[in-house]
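Listed here are the chains, written in short residue letters.
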Amino acid sequence: MASRKLHRKASFNKNHQPNSKTMNLIRYQWPELSNWSPFDRLASFRDEINRLFDTGLPARDTALFSAWSPALDLYDEKDRFLVSLELPGMKKEDISLSFQDGVLTVSGERKHEREGKEGETFRSERYFGKFQRSVSLPAGVDASKVKATYRDGILHVELPKSEEAKPKQIEVSVS
Amino acid sequence: MQSTLTKPEQQTQQQRPAGNGRANFLTPVANIHEDKDGYMLEAEMPGVTKDGLDVTVENGELVIIGRRSAAQPVGQALYRESRGWDFRRAFELDPSIDAAKITAKIEQGVLTLHLPKAEAVKPRKIAVS
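Protein chains in written order, with my numbering: chain A, 110 to 284; chain B, 6 to 134.
So that you can see chain A by itself, here it is in the shape it has in the complex (with noise of 0.2 Å):
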């Protein structure tokens, strides 16, 4: 706890932290790696262990130097999949979608927009540029009533299942 402290200290004074320029040109640094003692990365490493046992699914955000790799969820409803993906500050004209073969594939740019350039950016962990993600749908899907909406950063994708995919209830006859 005491050396938590003294880190927090020495981050209020530039003139005491002589690394601090050379952070700076990390892109992207995982932020718990960053100010904190040995013993709460150890602890944030066992948190990274415990979550993996929870999800059942890495956490895809710990590789550190991977490109843009947006979350995806895939739901299963009872007559239709849900396809979502987290793309937060994107334009709808950036982001495309195709559906081939049982295959949804999205893909788009996030491009960087600033008014002014002067000024000095001093951290940064967002990603501008291309993604693609695609996902194998488990099951027919008809092509013609694929929807999408894209609303508080999340695209929504809507396939409904073909007739053939829909679960049916099958009566049995007692004769």
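These are calculated hints, taken from the structure and not from any lab test. Each hint should be verified, as a subset may be incorrect.
Pulled a few chain A residues facing chain B out of the computed Cβ check, cut under 10 Å [stated by the list, open to error]: (1) L196; (2) T230; (3) K239; (4) Q241.
Under the rule of at most 27 Å between Cα atoms (straight-line distance), these lysine-lysine pairs were calculated in the DSS-like manner [unchecked claim]: (5) B/K110 to A/K239; (6) B/K41 to A/K220; (7) A/K220 to B/K110; (8) A/K220 to B/K55; (9) B/K110 to A/K201; (10) B/K130 to A/K200; (11) A/K256 to B/K55; (12) B/K55 to A/K201.
Think of the CB as a built atom: it goes at the ideal place given N, C-alpha and C, for glycine as much as any other residue.
Mind docking chain B on chain A? Use the hints.
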């Protein structure tokens, strides 16, 4: 050069999941840009609307909390990468920031904060007579 100016160094206060009974929070990724008039902070919080947003300044600390409003789909999750957790991140504020003039907006899951510097600390050109 900027000997007395401090920058709002980020301090992550991600709450610890499971075990201590506290809620889980995700740390939103953020960009901070400074120019002579102030700072601009952008934080990515997909799924958060204006209503779920909570921005507070207390004791020189800026805390942003974003709660996701969208109802989770009712179907069965076949594949899931997103974590449905709320967002929280704290920043230390540069004392030169005029806290009363901070403005915030959220658009397509990106929170943009403008943190203007107080008039007294802005660079001023002094005419030589």
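- Against the earlier hints, flag every one the structure doesn't satisfy and list their numbers going up. 3, 4 and 10
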